[in-house]
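*Asks:* Top line first, the protein sequences correspond to chains R and Z.
With the first letter of the first sequence counted as 1, position 41 gets the number 41 in the numbering used here; the numbers rise by one all the way through.
Here the numbering used here runs 267 ahead of the position in the second sequence, where the first position is 1.
For the record, the hints were derived by calculation from the structure and aren't laboratory data.
Quick caveat, the model's predicted, so the values are computed rather than measured.
Here a beta-carbon is modelled for each residue, glycine too, at the ideal position from N, C-alpha and C.
Incorrect hints may have been included.
Reference excerpt, derived from the structure (chain R facing chain Z, CB under 7 Å, subset only) [claimed, not checked]: (1) Asn-33; (2) Arg-185; (3) Met-197; (4) Ala-204.
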Amino acid sequence: MTPPPATRHRSVGGRRSPTGVARYYQLYELLSNALNDGTIPPGTALPSEPTLVTRHRVSRTTVRRALERLERENRIVRLRGSGTFARQTHDTKKLCLNLHTFFEDIPAIAGKTSATLVRFKSGLAPAVARELELQLGENAQVIQRLRKHNGIPYQLSTTYVPESVARSIRQDRLRRESVLTVLDRMGPRTVKAEHSMTAIAADATAARELRVALGTPLLRMRVSLMDGKGKVRAVYEGVSRPDRLKVRAELERDFGVKPRILWRLKR
Amino acid sequence: MPRRTNSRTGIARYQQVYTVLAQALAEGTIGAGQALPSEPALVRRYGVSRTTVRRALERLAEEGSIIRRRGSGTFARSGLQRAESAKKMTRILDDIRGLGTNTRSTVLQFTKVLTPEFLLRESPDFGESALLIRRLRSIDGEPIALMTIYVPERLATLVTPKRIRAEAVRVILDKLGHRAATAEQVTSAVAADPIASRHLKCPVGAALLNVRKLVRDADGQILDYTSFVYRPDCYELNTNIARFPSSVTRNSTARMRKSQTGTRGKDRGSP
Chain R
1 MTPPPATRHR SVGGRRSPTG VARYYQLYEL LSNALNDGTI PPGTALPSEP TLVTRHRVSR
61 TTVRRALERL ERENRIVRLR GSGTFARQTH DTKKLCLNLH TFFEDIPAIA GKTSATLVRF
121 KSGLAPAVAR ELELQLGENA QVIQRLRKHN GIPYQLSTTY VPESVARSIR QDRLRRESVL
181 TVLDRMGPRT VKAEHSMTAI AADATAAREL RVALGTPLLR MRVSLMDGKG KVRAVYEGVS
241 RPDRLKVRAE LERDFGVKPR ILWRLKR
Chain Z
268 MPRRTNSRTG IARYQQVYTV LAQALAEGTI GAGQALPSEP ALVRRYGVSR TTVRRALERL
328 AEEGSIIRRR GSGTFARSGL QRAESAKKMT RILDDIRGLG TNTRSTVLQF TKVLTPEFLL
388 RESPDFGESA LLIRRLRSID GEPIALMTIY VPERLATLVT PKRIRAEAVR VILDKLGHRA
448 ATAEQVTSAV AADPIASRHL KCPVGAALLN VRKLVRDADG QILDYTSFVY RPDCYELNTN
508 IARFPSSVTR NSTARMRKSQ TGTRGKDRGS P
């Protein structure tokens, strides 16, 4: 999010402030977003405490609590006498998934990271099973994995594959390889992916595995992998920490649908 | 063992439990009429006290998303309905995007600003100043997305307050000959800050989908930078990705396959 300068002058909370959310947290969230999107770039000074007090109409204690939290998270540094500064972010360490090179990036990311197999079994909750098995055409097997990069967990995923396919998967391969690669080796080749993204609050399991607080926003990706006949070969659902995985796409305009402006992935 | 809900996050524990349960209900993970886990089960799952669980459930009951029946448990009320309406909204958004029917777009802000540092760092060619437009998009009175748009100064005079009331910035520029050709898109999940919370009617800290797009014309000139924040219960970003025939299989079979499936992805999800 990009809070523009003018909105920074708004007070946080106010009469309509929802219960259950501390004022300091609201200020923290504003500052945190400004640091994330570079509105306050690394190395530059944050507004002074008195300025924050006036701008957001909160107490000095509230301002301090918000700053203390950012300091604890190593996102700012407070220098006595000279102010508070944004720290260098570690964006370069962030993994990147490019949707326009999806089929090359997925195996590449699997090679750079390591996965722990959390679950590998058949038998699904009946409701889930019905829908999936219609898509897969037979009983589904669950592959649940936790993926780490530089030792830090960033993605919890569940992949459903047909049982016939699961039988020939070597479990140890799933630590280093993507399901896409494993499926490719077996054939037929995957030629299409239906990809969908949304945001989701971390539930108890995701919070525990990804080491974040309950309710932390995560990016959820759902992908159906399909072969040349349009048959679904696997259904993937993963939640990832947006501070660890960047999802990018280069797009080009589809001029075939004038006058509307529609985009497609760059070839 | 479940990790204890962190009380130092600034969000009360009951609020965290509420957020997660409200999401499960809205998504239909707990379908309409289905029972919620028992109070002791929720206590164990989230590592919180019984009082915390009760406060979260009370709030859900007040909002009408669950029904508590003495002796038999707690049940989801409208989970399915809400999931259905969410799907409908995504469809509507896909179909009539940019045409202005049914969707309403309110301009919240229209200011000349210095180009923010982060934009200059990523795209030094953006120029020193920009026109900042913030608008809220609603469907049937329901807020769906908050948009923050930066237009480079050289194009700012074309985007008048009168024009943006009627059309999307990109459509205005398009009609005036500044035609969008390429875009770089980054997708992320963010917590609702107080501004997003107020406009999108969601609690502070709620998970929102963030899509940022830098759009250029065929000559590589920047046309706009837009950050969309969507309510996840109303919107999903869908992309169809087709695989290029690999060099190994680049033969007649591959060519046939190409004609069946096409080799281009189509981003249907955003304007």
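*Asks:* Indicate, hint by hint, whether the structure satisfies it.
*Replies:* A quick look at each hint next to the structure:
Given the 7 Å rule on beta carbons, the hint for R/Asn-33 holds: about 5 Å separates it from the nearest Cβ of chain Z. About 13 Å separates the beta-carbon of R/Arg-185 from the nearest beta-carbon of chain Z, more than 7 Å, and the hint is not met. Evaluation of the R/Met-197 hint against chain Z yields a held restraint, the C-beta minimum of about 5 Å falling below 7 Å. Residue-level restraint check for R/Ala-204 holds (minimum Cβ-Cβ distance to chain Z is 5 Å; threshold 7 Å).
Hint violations for this structure: number 2 only, all remaining hints satisfied.
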